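Student: Sequence:
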Amino acid sequence: MKILVTGATGNVGRLVTEGLLDAGVDVRALTRNPATAGLPAGAEVVAGDLSEPGTLRKALDGVERMYLFPIPQAVREVVGAAERAGVQRVATLSSGAVTAGFDTLHHLPVEQAVEASGMEWTHVRAGELATNKVALWGPSIREERVVRHPNLDVVWFPVHERDIADVAVRALLGDGHHGAAYTVNGPPVSLRDQVRAIAEALGEEIRCERVTPEEARERYVRQGGFAAVAADFLLGFVDHAGNPTDPHATAAFDTSALGPQPTVREATGAAPRTFAQWARDHVADFR
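Residue numbers (the numbering used here): 1 to 287.
One or more of the hints may lead you astray.
[Unchecked claim] Derived Cβ-Cβ restraints for the label pairs, each shown as a range:
1) Q112 / R210: 36 to 46 angstroms
2) A47 / D175: 24 to 34 angstroms
3) R142 / A116: 39 to 49 angstroms
4) R32 / S117: 17 to 27 angstroms
5) G259 / A41: 35 to 45 angstroms
6) C208 / P260: 18 to 28 angstroms
7) R192 / N243: 45 to 55 angstroms
8) T55 / E144: 38 to 48 angstroms
No wet-lab data here; the hints were simulated from the structure. Here the structure is a predicted model, which means the values were calculated and not measured. We put the beta carbon where it would ideally sit given N, CA and C, even for glycine.
Given the sequences, and given the hints that come with them, work out the whole structure.
Tutor: In structure tokens:
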């Protein structure tokens, strides 16, 4: 059996590739630039771009199952090409924002295209990725050993990317997952305790400094990249739909009031990895 992993160099796709290889599966990994992919030995690395379906002919040849990274621009053409090539099962990387009804433009169209096909499908809806903290806090921790935020006592459910990959691998290889949409979160943990976990992994103190939402946004915008793009939403200046909100009110919201959240356990039976474990796995990112 040959499985195509798209988005193979991503935080999750790389681990899906690794997990499938560990299971003894024949893996073909899709990337725009094979020369710099650095994927695990044993994967057949091929060039292709999900936004250009015409580049996928070689990648899809002989493939029976596929891990689909969410690129909505040409997803119906991609899904159609996969069906014609004989792909029978798809595990889609999606977002918990779809579960909550907030994401209608990016991940939802990918889910809908897959569901409209004749293939077996499973959606893996990731919650807040713990790896976001590398982009958000990495610069200030590396340079100053400090994290600045309006309210570090807010609780959230950051998920280890390995938990997401484990669900995708299980859906691709196991039975009983067709038609399922798994929302995968991590255990609840406050931002302050996340900082503490990173500090313990480093073996060094990291200061927590309270700033206004406006000050935090200014710093994120200066950082650029994901921090700049996500600043308004993460700091409460806009809601999931992009509507203006009061960041000072949002900063006080404690998500622990939401109650238990679905985790990897629903799909694999395994306990979710903790943020502390994620911090140990990523300690080099903060040195």
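Student: Kindly indicate which numbered hints from before are broken by the structure, ordering the numbers from low to high.
Tutor: 7
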